[in-house]
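2 protein chains.
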Amino acid sequence: MSKVFFDVGISLDGYIAGPNGGPKNPLGDEGIKIHNWMFKQKAFLEHLKIEGGETNNVDNDIIENIFNRIGANIMGKRMFVEGEANWPEESPFHCPVFVLTHEKREPWIRPGGTTFYFTDESIQDVLKKAKQSAGKKDVRISGGAKVIQQYLNAGLIDEFTIHIAPIVIGAGVQLFEHLDKSKFSFEIKEVVNSPEVTHLLYIVKNKR
Amino acid sequence: MSKVFFDVGISLDGYIAGPNGGPKNPLGDEGIKIHNWMFKQKAFLEHLKIEGGETNNVDNDIIENIFNRIGANIMGKRMFVEGEANWPEESPFHCPVFVLTHEKREPWIRPGGTTFYFTDESIQDVLKKAKQSAGKKDVRISGGAKVIQQYLNAGLIDEFTIHIAPIVIGAGVQLFEHLDKSKFSFEIKEVVNSPEVTHLLYIVKNKR
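These protein sequence lines are chains A and B, in that order.
Going by the working numbering, 79 is the number at position 79 of the first sequence; the sequence numbering is gapless.
Going by the working numbering, 1206 is the number at position 206 of the second sequence; the sequence numbering is gapless.
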């Protein structure tokens, strides 16, 4: 059955982006360090139409598996605005992306299969649409942190992966805050390690 | 060669203890949940002179290995005060423990091999004494968080293990804060997973 998930790179001190992020400073100060492992992998680079990259390692496999399972994305307005200024012409999603925003805007169709839909409906209703679009594939809650927190608190996430980079960055956007822990519990499903990052997959249980 | 290390249980949101900790509330509100996996293991319980507990699993092995390598401990005053009110007659260390405090106090000898030494020397000088006491064994920086942070920032930690419990607790004592990241970098050495906790061992590099 189709699942709802998120996966994010995170520092040892819990940040998924550095401070002062925005269209001119994507991922925030030093935020790119959290994702260094990812920017080296072919499976990531080819989504940005960049040649090269590493293959035949667990990090690349994990990225490939994640991309392959996504049938639709949901993201917050700030993430979209930051990406709009930085993604290539061919946006790196290749499927529908639902952007949570109060701004009225017509769907934005990009070459390569990405269409952005702008909506101010409830997160529940947006998820229903995303699931319909995804078909048998999964829905990824792309971020940012606040959107992920909203979906977790609403009991709407089935599983998630964090990719822990062995660094501290000291400031920025925390992932696991503003959570209502009465609404879920987590179970460890799988852990995969590589020299540069540790991938932890959790199942969300007892959703209320 | 003898190493200096720390190992701590930690929640997914980075807490090693809950809020409102103290002698009457050891580990703070809900802090015990971070360590549930540990309180089940024979290797931990036997240090508290409690019978029973699980064996033949990686969690128990990891605790046993850690206890076996410790030749001396260093801890902060608050951790000591919290423990003094709660440890059994036979303190669970069985080797010298150096307590960082401005309080003058004679060494406190406990049955079972633990002696607490109270010192207001610099963290560097205390570490020298702990190393001498430990001989060929390792020195554990027991905690709390502020003491671990001081030793990390001084470039005095060789390696550390975090035991990540799949929970969020939302408030309490953060481990990875107040760190001067210019003073070190981390390298992943080993990751061991079990159904209830993920153990991540890091080497500290580029100590300055």
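It should be emphasised that the hints constitute simulated quantities derived from the structure, not laboratory data.
Here a beta-carbon is modelled for each residue, glycine too, at the ideal position from N, C-alpha and C.
There's no promise every hint is true.
Unchecked claim - So, partial list: chain A residues that the calculated Cβ filter (under 10 Å) puts toward chain B: (1) E54; (2) N56; (3) K77; (4) V81; (5) P166; (6) L175; (7) F176; (8) S185; (9) F186; (10) V191; (11) V197.
How the hints compare with the structure:
A least Cβ separation of about 17 Å between E54/A and chain B goes past the 10 Å threshold, and the interface hint is therefore violated. Proximity of N56/A to chain B is violated relative to the hint, the smallest CB-CB distance being about 19 Å (cut-off 10 Å). About 25 Å separates the beta-carbon of K77/A from the nearest beta-carbon of chain B, more than 10 Å, and the hint is not met. About 27 Å separates the beta-carbon of V81/A from the nearest beta-carbon of chain B, more than 10 Å, and the hint is not met.
A hinted interface residue such as P166/A counts as satisfied when its beta carbon comes closer than 10 Å to some beta carbon of chain B; here the least separation is about 4 Å, so the hint holds. For L175/A, the interface hint holds, the least distance from its beta-carbon to any beta-carbon of chain B being 8 Å, beneath 10 Å. The interface hint given for F176/A holds, since its Cβ lies 4 Å from the closest Cβ of chain B, which is under the 10 Å cut-off. Contact between S185/A and chain B, as hinted, is supported at the beta carbon level, the nearest pair being about 7 Å apart and thus within 10 Å.
With 10 Å as the threshold, the beta carbon of F186/A comes within range of chain B, its nearest partner Cβ sitting at about 4 Å, so the hint holds. With 10 Å as the threshold, the beta carbon of V191/A comes within range of chain B, its nearest partner Cβ sitting at about 4 Å, so the hint holds. Against a cut-off of 10 Å between C-beta atoms, the interface hint on V197/A holds, since the closest Cβ of chain B lies about 8 Å away.
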